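So you can see what is in the structure, the chains are spelled out below.
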Amino acid sequence: MFSYYLQLGFHSLKRNPVLTLLMVLGIAIGIGASMTSLTVFHVMGSDPIPWKSDKLHYVQMDSWDPNRAYDDDDQSMPPDQVTYRDAVALIEAGKADRQAVMYKVAWPVQPENRDIKPFQSLGRATSGDFFALFDTPFEYGNGWDRAQDKEHARVVVLARETNEKLFGGQNSVGKRVRLNDVEYSVVGVLKEWKPKIKYYDLTNGSFSDPEEFFVPFNTAIELKTPAAGNNNCWKNSAEGWEGYLESECIWLQMWVELENATRTAEYHSFLDNYVAEQKKLGRFPRPVNNRLPDVNQWMKDNRVVSRDVEIQLGLSFAFLVVCLVNTIGLLLAKFMRKTGEIGLRRALGASKPQLFMQHIVESGVIGISGGLIGLLLTWLGLMAVRGLYDYFDSVARLDWPMVLATIGLSIVASILAGLYPTWRACQIAPAAQLKTQ
Amino acid sequence: MLKMNHLSKVYRTHMIETHALRDFSIHVREGEFVAVTGPSGSGKTTFLNIAGLLEEFSGGEFFIDGVSVSGLGDDARSRLRNEKIGFIFQGFNLIPDLNLFDNVDVPLRYRGFSAADRKRRIEENLARVGLASRMKHFPSELSGGQQQRVAIARALAGSPRLLLADEPTGNLDSLMARGVMELLEEINRQGTTIIMVTHDPELAARAQRNVHVIDGQVTDFDEEPRLRVPENGRDTVATTA
Amino acid sequence: MEFRPILSALMRSKVALVLIGLQIALTLAIVSNALFIINQRIENMGRASGMNEADTFMISSLGFGAGYDVKNAYAEDLATLRGMPGVANAAPILTVPMSQSGWSEGISLTTTQQNSDVGVAMYFIDEQGLDTYGLKLVGGRNFTADEITHRDVRSTSWPNIVMITKALGERLWPGQNAVGKQFYLDQEKPPLTVIGVVDRLIMPWPNISNRSGDKNAYEFSMMVPQMVPFGLQTRYLVRAEPGRVTELVKAVEAKLAQTNTSRIVREARTLTEIRAECYRSDRAMLIILIAVIVALLSITALGIVGMASFWVTQRTKQIGTRRALGATRGNILRYFLTENFVITTIGLALGAVLTYGVNLWLMQAYSAQRLPVLYLVGGMIALWLLGQLAVFGPATRASRVPPAVATRSV
Ligand SMILES: Nc1ncnc2c1ncn2[C@@H]1O[C@H](COP(=O)(O)OP(=O)(O)OP(=O)(O)O)[C@@H](O)[C@H]1O
Ligand SMILES: [Mg+2]
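Line by line, the protein sequences give chains A, B and C. Letter 248 of the first sequence, counting from 1, is numbered 248 in UniProt numbering, and no numbers are missing. Letter 141 of the second sequence, counting from 1, is numbered 141 in UniProt numbering, and no numbers are missing. Letter 403 of the third sequence, counting from 1, is numbered 403 in UniProt numbering, and no numbers are missing.
The hints are simulated quantities; they were obtained by calculation from the structure and are not laboratory data. Any given hint could be a false lead.
[Stated by the list, open to error] Calculated cross-link-like contacts (lysine-lysine; reagent style BS3-like; alpha-carbon spacing at most 25 Å):
1) K55(A) <-> K194(A)
2) K224(A) <-> K71(C)
3) K117(A) <-> K250(C)
4) K14(C) <-> K136(B)
5) K235(A) <-> K250(C)
6) K14(C) <-> K352(A)
7) K235(A) <-> K71(C)
8) K136(C) <-> K181(C)
9) K338(A) <-> K14(C)
10) K280(A) <-> K300(A)
[Said to hold, decoys possible] Sample of chain B residues lacking proximity to chain C, with all beta carbon distances greater than 12 Å (derived):
11) R22
12) I64
13) D200
Computed from a predicted model, the values in this text were never measured in an experiment. Quick reminder that beta carbons are idealized off the backbone N, C-alpha and C, glycines included.
Whenever a hint applies, use it, and build me the whole structure from the sequences.
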């Protein structure tokens, strides 16, 4: 019976090719638009480290200006980075299961091999815990340990591509690398590691490229390496590098790993105590306001999914509704035009459920064709989005769940669109054919 | 009032030419009630359509009120239809989305009467066919006979001098048919010229004149109007050559 | 002409009315809000930077090695650059407008003021900076060569003279001549005196959200007579002779790399590229919105064509009857145009409410501005025209229905 309905459906669709094309294209364009923006939205907002995102917490403390909140737009938000003094104090206290302070550095790389020209390279000065904290995959070797942190060890972890460039992808552990005129020995090489969103440093662009190398935090400090990322001060500092380290300028990001909610609460009260102590020293002039957002919360706070993307999503779904309403109208028109035929079929003994099936199959055929074309349009749309926003390269891509969602959405959409017209068609009386006017 | 001389009408579809009317001559005078009979496909509707300016003809002459209509454009024909001619159809042709008031209003709107004038005419004519109380009803809520009476009210609303009816009783039972016929006779008595196509010899017999059409030609034509058929004289069949 | 009968006839097929009305309403809401956003973005993108963008590019040099002397590098590089054929002028800089990175400070007018709410972008230049950027001096004077000093990034003191933009002067001292006025960057240190005013120089981040309500806040910039290396990095702005910028980018890159081998020459970017980059997401939004509007209007127009065609087919007999009863072709054409007008108007009435609903959502969730009525009216007129245009085809077809249909069709 189903194949008979399919046959009827195709036949009926072929009879008004223009109308059919209109309906299919309507659905396809609506699906294409909404799925394109949904994909971008979905990938941008998706959890970059789902297995432990709730255990990783960004550290925020309000060390800012007594006269002015850090964030004009959201007065309750503490600063998005910490001072050197506080970072060092928290690391030394070592109250979290794992903890990493970090900042962005830019150093020239001077290859041993004279054939390779020196090039500038962006890296991250951080604690040894960084690698375990963010589960970075190692190709060769390992990170460094806390002892090496303390000793300002001259060690480096290379990203896969840097290792490719300098050592042709060979195991380079133990080899030497010259960065800004200082020699480091390679302790580890990462596998390909490109989180779609650079969630561990949202203060310097959510979609920036990952680092090319990693060095111990204390080493970079010892070498007086300025931050290549954001730096904010509310108070003037004393002269020189030492003055800067002692200042209230914020330029470091700090992450802690806390096993469960109890540990988080403990750490939170530790922070509160720390701030209370500092207040006694005349620092932290604002009310105590410490936050420990987890990865997803931190992404929300930083609007990783931009306003434009959200507006586009809303817009594209309104657009889909218009397309659906359009299809409902056309399908209704079409089924109503067949009043005579339907009445005749009823008179010849077709039951309401049978007629219902026949027409819902017809709308389903429209939906599936619309969905498939819509999928193609989504693919094209994402390509266009990647062209429009250069940094969306990693997020504007279809994944399997999205492909399935697209097809699902189009079928649901067209069945929804077909439901009312089908119902109306089934209401036609058997005698409709005989009793015109 | 209406005069056709050697009129012909040819329909051309694909390869076939249908001569719906040929050498068709007729003269209908003011105030007459003419019944047109003939076998199916003989050209009755074609004649009526041409008489009502719904279709053009292929050859011959056609005058309304002594004016040749062959040179008239579409708009002029529409105006003429609107002012001088009323139509009654076999299928009633009421507009299903409009209530009775608005249905009768249709030709008056095109005529451009004032709102007050239109209202008066609509009410008057609906009253005349006995449906004044159902002005706000929709056609689907009426019986066939009632619908045809609305159609008559609509045809009369613009006070046409010529009423054309194509099998006005074709879709009605004999009782209703007689009611409609009586209404038409009364309208005719008040001075409106009527040309009515019918398959019903009984109804045809009640007209003043009979025209019989076979194969697109008038074969039987009462040159002079017969005596009015008595109300109860159903077996009086007049045949004058 | 005949609104009431058309309206009551429409009321008999409410579903169709609701469908088309809803479609038109949504279309209006989306189109007018999108047009508003588009216009704002275009306005944003069209703002002049105040500098010569066509002929300028910036370039950075990152030195390495203990022996690398930044002061020396500045002197050598500037001499090299200014001596190159095709170079109109060159200057040491920290940043350029629209590059999204730089230095900002808060200004106080007194030593006691607690809360500085004037954020200013800092441009560090030498005496050639004004000419290299291509800025227009509208008051006071430029720096002289002997006023230029070297600054360590970590230094906390300020020189005692600066130049500012006209907008900043107007903000600090409304209606007065800013030249000779003083303000503080650090209340514990001596004040800075304004010696010159330039017409316009926008911030490196022109898209700052501006809560203070000053719509010129993105023009609050100041020029400091200092050269500021960032570690061992120095940066220059080069202004080429008109039309030679592309050729010079490569030449300068090669020349600088060649003059000193213990450095990396990088980030050679023209202002045109920087501008494109800065407004890239605005441009993307713009294109996406325009695509949505075009697609939406096409879908709606095609929907109207489809529905109207269906109605014409469905009402063929009715049209024939009307013709038989005396309607001219014009009457029939007008009937369908009027009908479309009525439906569109109903949809637009609903759409007006919806438009402001969407606007309210945008205002609340994204601190957008209130939609000017002009956009609503514009959207309405566009949709009226679109509707009439879309229905014209089917309506013409309707007017060609022969009157004989009244007697012939079943
Ligand atoms: N539009 C048309 N195209 C081609 N041929 C037509 C057309 N209309 C009518 N005819 C033909 O013209 C002839 C006359 O038709 P007409 O409708 O006038 O007959 P009629 O006398 O009214 O028949 P009936 O009593 O069945 O209504 C028929 O042969 C018919 O097939
Ligand atoms: Mg006939």
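Status of the hints after comparison with the structure:
1. K55(A) <-> K194(A): The given pair, whose Cα atoms are some 20 Å apart, holds under the 25 Å limit.
2. K224(A) <-> K71(C): Status holds; Cα separation ~19 Å.
3. K117(A) <-> K250(C): 17 Å, holds
4. K14(C) <-> K136(B): 18 Å, holds
5. K235(A) <-> K250(C): 42 Å, violated
6. K14(C) <-> K352(A): Between K14(C) and K352(A) the Cα gap is close to 24 Å, so the pair holds against 25 Å.
7. K235(A) <-> K71(C): Outside the cut-off at roughly 28 Å; violated.
8. K136(C) <-> K181(C): 20 Å, holds
9. K338(A) <-> K14(C): Satisfied, since the Cα-Cα distance of roughly 19 Å is no more than 25 Å.
10. K280(A) <-> K300(A): 33 Å, violated
11. R22: Holds, because the least Cβ-Cβ distance between R22(B) and chain C comes to about 19 Å, which exceeds 12 Å.
12. I64: Label holds. Min Cβ-Cβ 14 Å, cutoff 12 Å.
13. D200: Holds, because the least Cβ-Cβ distance between D200(B) and chain C comes to about 18 Å, which exceeds 12 Å.
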